[in-house]
Amino acid sequence: MLLRLQGISKRFGREWVIRNLSFALERGETVALVGPNGSGKTTLLRLMAGLLKPTRGRVEREGRALFLPNPPAFHRHLTAREHLLYDLAFHGREGDWQGALRRFGLPEEVPLAAFSSGMKKRLALVRLTLLAPDVWLLDEPETALDGEGRALLIGILREARRSAGVVLATHDRALASEVADRTLVLGGV
Amino acid sequence: MRAPRVGKAVQAPGRDGEGMGAVRRIWLLAWRDLRLEVRDRAGLLSVLAFFSVMLFIMALALGPEEEPLRRAAPGVLWVALAFGSTLLSTRAFALEVEDGTLDDLLLTPGGKEWIYFGKLLFQMFLLLPLSLLALLMAAGLFYLPLDRLLPLFLTLLLGVLGYTSVATFYAGLLARLRGREVLLPLLLFSLVVPVVLAAVRATLGLVEGLPLEEVQNWWQLLLVFDVVYLTASALLFPVVLEG
Amino acid sequence: MLKTAQPERPDTLTWVFLGLGLLLLPVGLYLALAAPPDVNQGYLARIMYLHVPGAWLGYLAFFVTFLYSLLYLFRQNPRYDRVALASAEIGLVFMGLALVTGMLWARPTWGVYWTWEPRLTTTAILFAVYVGYFLLRGAIEDPELRAKAAAAVGILGFINVPISYMSVKWWRSLHQTQSIDLTTGKIHMDPAMLQALLFNLLVFTLLYLGFVRFRALLAVLEARREEA
Amino acid sequence: MRGKYLLGLVVILAALAYLIFGGLGQNLVYFLTPSEYLQDQARYQNRPVRLGGLVKEGTVRYDKDRLELRFTLTDGVAEVPVVHKGTPPGMFKEGQGVVVEGRFQGDHFQGTNLLVKHSETYQAPKEGWTPEEVRKLIEEAK
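Residue numbers (the working numbering), protein chains in the order written: chain C, 292 to 480; chain Y, -18 to 224; chain G, 20 to 247; chain W, -11 to 130.
To be clear, the hints were calculated from the coordinates, so they are not data collected in a lab.
It is possible that some hints are incorrect.
[To be verified] Here are the in silico distance ranges between beta carbons for each label pair:
hint : chain 1 : residue 1 : chain 2 : residue 2 : range
1    : G       : G157      : Y       : F37       : 31 to 37 Å
2    : Y       : Q197      : C       : E353      : 50 to 56 Å
3    : C       : T474      : Y       : V4        : 41 to 47 Å
4    : C       : G298      : Y       : E223      : 18 to 24 Å
5    : C       : V401      : G       : V239      : 55 to 61 Å
[Unchecked claim] Reference excerpt, derived from the structure (chain W facing chain Y, CB under 7 Å, subset only):
hint : residue
6    : G(-4)
7    : V(-1)
8    : I0
9    : A3
10   : L7
Since this is a predicted model, take the numbers as computed values, not measurements.
C-beta: ideal position from N, C-alpha, C; glycine also.
In isolation and in its complexed conformation, chain C is listed as follows (with noise of 0.2 Å):
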């Protein structure tokens, strides 16, 4: 059991966002989230995460979770290689940067402010393969690749599921249906 939330509820104050809800994530597993906006599908992932705490209710983790918000987010002020390399450092691991950053097509020495919606979202996933978490949480991963980004990510994470598990947020049937075993449906409140 990598994952299990048992009856969380949240509120941001006096609004319910999510209630009640139960879920279990397994090693191997890969779990598509959707439902219409403000279904509280980012608020979900952030309790999975640790990074909120459920007003009520118990989350309990295995190993190492990582959220990936929409957009990512990185420092505009480094690049790419300086970024990567700090965010290893702090994760206290070691990986191929440069191999990943060269399948991805994205350059090393390019300060990220000058980078395309797209091409930070490249980088996202790097990031994500390089410091490998147990627990991958992606928020509308799909947003802003093209086509040759999107293929990339299907790749991505059907490695992932090999030995972790995955949560993403989609509006994107298509991708739910083709990398997901199950869907989580997230009602209007």
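Given the coordinates of chain C, assemble chains Y, G and W onto it according to the supplied hints.
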């Protein structure tokens, strides 16, 4: 600027984030932030401008006689340093909040204390040269004698550390809050009044040429506050930052 | 949505504390006024019966805030936050009372209302810390972040309490040292005065307990309105 | 986890203990005594200081017309003549502890602010005192 080598990341032995691994991460985080701040320039320049404007205006207001200027100098210097370091500590987390990268730091394995120490170290890197600069400016504008530079610098170190230890903690706590620039000094000043007070008295003693044994007592007081605030802040930081 | 039925009105214990405190307040006043005058200060010394309990209860209240702030941070139960809040608020009132009576006492005895003497300075700092506590609470909307931030002030600010209390011993200063010295157990006071002081201390403690329980209940109702 | 907090607590308590027992304090004084002044006169000349001690018996001279108070301050070892402009505060009397703010000028101490220090001991008038005596005592103390 050359960073310490990050290429050879070593897998931390045993549990992540312990021992040497943590020290290295702290060092790297401080260094990275320094790099970001230097490349961004805006924050650094505003702090610098703030220092100089404040010292100039105070010197104009209190001058031109030498004696009152000299007596006022330690107070002015420390108030300028306190405000300046409040600006900087907001910057330390604004770097993460503006780019949305605070979550990435929080998701690193192991305890969260290293983030606190990294941000603290980053501010000390910037504040120590800045405070030395402020001291030199005060020497020029306020006739502050610099013949005891080493004890003066020790006072700066102890005072700035005490102030920054609490400032970093609160800046982290309030990082995502609207109006943090207003709230932070409000909260900080009541807590760090003892530190600023002791630092002003130590500086005053040094300027007035009191024997070192007399100043030493203020140093002791500063040291105690530094240790207590640093320890308490480091322990509380992960607790308030989670969730 | 409620886990347990929370009380709508103050429970018996709260009423007992409040009632007993208010009932005994005039008795304490009588004892204070009946206590003999001091050899040196005459009737002036009687302000002590307000000043000393006020300061003590202020310290005690801040200690309770410190304790419950720690509890809150480690247990995340909003109940602890409410007690910390209530205690800080009452503590601020008592500390304010100690400051005001102290100033009134200082003018005829020392000759000034205020001087930057260690005890007075540290007490003023202490007062400022807890004023900051409420400024902070007022500025944060999210209840959890508010509670956490306040708890941090409640913990970090507490270091000034022992320093304030010990300041008269550590520094040779104008303020007299403790008449009832908790660190050595020595008492420098006429028995008749001591009785009156201790009685007033008891009354203030009862009032404090009653007030805190009452204020914490109000905080429950406030929180419920915020949630509803 | 618990060890971390325990360690922190020990560090904080050790720091506070150092504050209490570390010999700190005696120098962070609010006032000087006359003997301290006499040991190092040059240092305190014309510097704002606070001077504390007892008002020596039989030395108080108060000039009502010029509102000038003169007395000798003693700590049992050394004595310093004090000149203070203004009326004495209510509890000012001979043998009383006082703190004077001001500066040394030549041979005397020029006070600008006079504070009376009272002790932590509270004592009722002894039995056997007549009501007149008590009233007189209180009127004097006012």
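Each hint, compared with the structure:
Take G:G157 and Y:F37: their Cβ atoms lie about 35 Å apart, and the range 31 to 37 Å holds. In this structure, Y:Q197 and C:E353 meet the distance hint of 50 to 56 Å, their C-beta atoms being roughly 53 Å apart. Hint check: C:T474 to Y:V4, Cβ distance near 45 Å, so the stated range 41 to 47 Å holds. Here the CB-CB span from C:G298 to Y:E223 is close to 21 Å, well matched to the stated 18 to 24 Å.
Taking 55 to 61 Å as the suggested C-beta distance range, the pair C:V401 and G:V239 conforms, at roughly 56 Å. Nearest Cβ of chain Y to the Cβ of W:G(-4): about 5 Å, under the 7 Å cut. The hint holds. For W:V(-1), the shortest C-beta to C-beta distance to chain Y is roughly 5 Å, which falls under 7 Å, so the interface hint holds. The criterion of a C-beta within 7 Å of any C-beta in chain Y is met by W:I0, whose closest approach is roughly 5 Å, and the hint holds.
The closest approach between the C-beta of W:A3 and any C-beta of chain Y is roughly 4 Å, which is under the 7 Å cut-off, so the hint is satisfied. Given the 7 Å rule on beta carbons, the hint for W:L7 holds: about 5 Å separates it from the nearest Cβ of chain Y.
Taken one by one, the earlier hints all hold for this structure without exception.
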